[in-house]
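> In case you want the letters, here they are:
Number of protein chains: 2
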Amino acid sequence: MGILTTPPKGMREFTAEQVELRKYVYNTILQTYAKFGFREIETPCIENINLLSSGEGGENEKLMFKILKRGDKLKHGAAEDLADLGLRFDLTVPLSRFYANNHGKLPKISKFIQIGNVWRAERPQKGRYRQLTQCDIDMIGESSVLAELELINATTTTLNQFGLSDFTLKINDRRLLQSVVQYCGFAEQDASKVFIILDKLDKIGISGVQEELLKTGYEQQHVDKLIDLLASFENKSFEEFAAENEQKGFVEKEILEDLIFVMNEARSQSSGDLRIEFDLSLVRGMGYYTGLIFEIKTPNYSWSIAGGGRYDKMVGKLMKGKPSVPACGFSIGFERIVLILEEQGFQVPAQAEKILLIGDKNKEGMSRLLTEANKFRAEGKLVTTDKKWKNVSKQIDSYKAQGFTSFAILREDQPVELKEI
Amino acid sequence: MGILTTPPKGMREFTAEQVELRKYVYNTILQTYAKFGFREIETPCIENINLLSSGEGGENEKLMFKILKRGDKLKHGAAEDLADLGLRFDLTVPLSRFYANNHGKLPKISKFIQIGNVWRAERPQKGRYRQLTQCDIDMIGESSVLAELELINATTTTLNQFGLSDFTLKINDRRLLQSVVQYCGFAEQDASKVFIILDKLDKIGISGVQEELLKTGYEQQHVDKLIDLLASFENKSFEEFAAENEQKGFVEKEILEDLIFVMNEARSQSSGDLRIEFDLSLVRGMGYYTGLIFEIKTPNYSWSIAGGGRYDKMVGKLMKGKPSVPACGFSIGFERIVLILEEQGFQVPAQAEKILLIGDKNKEGMSRLLTEANKFRAEGKLVTTDKKWKNVSKQIDSYKAQGFTSFAILREDQPVELKEI
Chain L
1 MGILTTPPKG
11 MREFTAEQVE
21 LRKYVYNTIL
31 QTYAKFGFRE
41 IETPCIENIN
51 LLSSGEGGEN
61 EKLMFKILKR
71 GDKLKHGAAE
81 DLADLGLRFD
91 LTVPLSRFYA
101 NNHGKLPKIS
111 KFIQIGNVWR
121 AERPQKGRYR
131 QLTQCDIDMI
141 GESSVLAELE
151 LINATTTTLN
161 QFGLSDFTLK
171 INDRRLLQSV
181 VQYCGFAEQD
191 ASKVFIILDK
201 LDKIGISGVQ
211 EELLKTGYEQ
221 QHVDKLIDLL
231 ASFENKSFEE
241 FAAENEQKGF
251 VEKEILEDLI
261 FVMNEARSQS
271 SGDLRIEFDL
281 SLVRGMGYYT
291 GLIFEIKTPN
301 YSWSIAGGGR
311 YDKMVGKLMK
321 GKPSVPACGF
331 SIGFERIVLI
341 LEEQGFQVPA
351 QAEKILLIGD
361 KNKEGMSRLL
371 TEANKFRAEG
381 KLVTTDKKWK
391 NVSKQIDSYK
401 AQGFTSFAIL
411 REDQPVELKE
421 I
Chain B
1 MGILTTPPKG
11 MREFTAEQVE
21 LRKYVYNTIL
31 QTYAKFGFRE
41 IETPCIENIN
51 LLSSGEGGEN
61 EKLMFKILKR
71 GDKLKHGAAE
81 DLADLGLRFD
91 LTVPLSRFYA
101 NNHGKLPKIS
111 KFIQIGNVWR
121 AERPQKGRYR
131 QLTQCDIDMI
141 GESSVLAELE
151 LINATTTTLN
161 QFGLSDFTLK
171 INDRRLLQSV
181 VQYCGFAEQD
191 ASKVFIILDK
201 LDKIGISGVQ
211 EELLKTGYEQ
221 QHVDKLIDLL
231 ASFENKSFEE
241 FAAENEQKGF
251 VEKEILEDLI
261 FVMNEARSQS
271 SGDLRIEFDL
281 SLVRGMGYYT
291 GLIFEIKTPN
301 YSWSIAGGGR
311 YDKMVGKLMK
321 GKPSVPACGF
331 SIGFERIVLI
341 LEEQGFQVPA
351 QAEKILLIGD
361 KNKEGMSRLL
371 TEANKFRAEG
381 KLVTTDKKWK
391 NVSKQIDSYK
401 AQGFTSFAIL
411 REDQPVELKE
421 I
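Order-wise, the sequence lines are chains L and B.
Residue numbering for the first sequence follows the numbering used here, starting at 1 and increasing by one per position.
Residue numbering for the second sequence follows the numbering used here, starting at 1 and increasing by one per position.
Some clues are possibly wrong.
[To be verified] BS3-like, lysine-lysine: derived pairs with alpha carbons at most 30 Å apart:
#, chain 1, residue 1, chain 2, residue 2
1, B, K313, L, K363
2, B, K381, B, K419
3, L, K361, B, K361
4, L, K253, B, K361
5, B, K203, B, K215
6, L, K400, B, K126
7, L, K62, L, K126
The set of hints was computed from the structure by calculation and includes no laboratory data.
Chain L extracted, bound-state conformation (with noise of 0.2 Å):
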């Protein structure tokens, strides 16, 4: 045949199963966020390529897989001009042109919900794939940090209700990083190329940081200075922090105000005992970071299952005369919830009573499982119809092995009578 039956290489489908447990959690989402008045919007999954390379997709703008031009629109040339569209590889770039495209007829505070599919042509690997979930909230037009805490709040709720408690909220300040690198001498230029260094902290340590901050071409005794600085509170408070502030005078003492307040806040608003931790080498990927930035992390897992921050200066650069406009979110890590929930073997709970109906192969015995089927349906109840094999028992494990809980053999002039599985 040559026709492959697998998906393609790093995308995946989903049994009936799997899609039972992905809904779970979709909804339960959902519903969670909804409750903190957030909506959900959606955006078409293809963008025009233009919008998909602004820079603001960072490194994932280099993950993009592109789609053909059509028809007379294909001149072959240049791979560049090959394609006009691309697919999303995440939900804030989308969700910006949204915003810029309908703002007048936005409310001035806009919650958002975003629940989608985002493309991405990396290397596939175990938690890693070409096709992913994504699911983010954001608040559009709030400058202050209810922002924050609403988001953070909404979101360690919605992680309660899958029974995950056991994390930590990781926080930092895009303004803190930026004023400690300059603190250390670099220039205010070269700080967003720093903090794309700073966050591989996690893959390559400390001392991989330095290395390749040398390697690109910085001062030995900027580098130095940085290094010894995130060392030096890599195990400290933040009370020790704030207080090396008030000697150095790294940030202004209302952003660290700020900072203290949303931890203490956090904190005292969850429903757990939520663990808050100010980690000065938090980063977060993305260049448009502003401000304060978050993570959540479970002890088992390398990797954070929720992330965001503040991004002021990304929505404004698709409006005119608009440099700065309030935006702050945070998205939880869809597939790995997934993940965790399949792992721990969580169980969906049942929904409905399944009931099996058997009847007779010819055409009377279709007619009465129609109408039998029905009546159960008409009470709410979810029934399938199904013709006697020869072998009954093993048509019977087949349906419950699908998880059905009772059935019925229906013979001619007999009442139904429905037995358990």
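With chain L held as given, fit chain B onto it using these hints.
For chain B alone, kept in the frame of chain L given last:
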């Protein structure tokens, strides 16, 4: 800037109000289908290009969005060599692949729901989009008309859930059409080409079909015989057709008996008074149909709102040594249902009380806001928080427009007093 803030041509984005209606339609369909024993599966939006170019997708294959190869794989050459993947244009081709890939672990009779996006590079126009949601149910493994009947049953019940009951189920059989075409003198292997022309009857009329058949090169006498036959049946009942079949012997009696059984049974199982019409000119575009075909039409719209049929030869093409795998599907026109409900001014039933809490701007105010909001949320209520605007009545109006039903302005040391908006 040069960056467009509108979605790409033919693609749509949806505000919270639009998503609310779409999700209502989505959930209603899903829940109703589930009662009939169908279970949701998911395939990736992207498939290998050779699957999507196998011919089973018919005319839709020409509308495929193709994905550019990545990295070293991209050598400039013929346009066919530039793409290795494509976006799915329907859910039936991916389902066939899914079944071929997973049949070993699937039940003998599998009942699938698929609701998902498909993409077609069509010329955009009202009601025709480049990204659209499709909504299919399929039974694989059931060779008797129990499949057709349960599909019709589930589909009409679902439409009734939306208050839609004024519609007609049109029905025909590809084997019968095939026999009629052969009876008129066409060669057996020309049948599917003749069907493609016949299928345009709705758009180009009987004289248009005649013209196109002649232009394609078929013999005048065969074309005339077919056109006469079609015209003669335009207002005839199925009984008259059956009587003529008795004389002329177009098709085996068994096929007609099944057709009669399905029509009678579908009518008697329907909760409304379902109109059923045998329509000899019904073709349904796709080449893969092999037996009964059907579609549902409403009086006020030219297009059908659901369509499907039996396709016993398609799945097996992807499975070694399986020339025939019984399969039958029915697809609801999701976008069309949404459009009809919008045009009817349909209101999604309100879900929960929506509460607005307004607090002071300062940190104490924010803290109180969060505490009181979380108390209501713990009771299952939907609460949004906001700091007091300068113009509070404007603030309340803004939230009223978003569907909020009650509010409270928090005052220091005073209990929360909810008021109707």
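> All hints are to be evaluated individually against the structure, with a verdict given for each.
Going through the hints against the structure:
1. Under the criterion of a C-alpha separation no larger than 30 Å, the hint pairing K313(B) with K363(L) is consistent with the structure, at around 24 Å.
2. Of the supplied pair hints, the one linking K381(B) and K419(B) holds, its CA atoms being roughly 15 Å apart against a limit of 30 Å.
3. Our distance criterion of 30 Å between C-alpha atoms is broken by K361(L) and K361(B), whose separation comes to about 72 Å.
4. Between the alpha carbons of K253(L) and K361(B) the distance comes to roughly 19 Å, so the proposed pair stays at or under 30 Å and holds.
5. The hinted pair formed by K203(B) and K215(B) meets the criterion: a straight-line CA distance of about 17 Å does not exceed 30 Å.
6. Restraint check for K400(L) and K126(B): the C-alpha separation of about 47 Å exceeds 30 Å, so the hint is violated.
7. Pair hint K62(L) plus K126(L) holds up; C-alpha atoms about 21 Å apart against a cutoff of 30 Å.
The structure shown violates the earlier hints numbered 3, 6.
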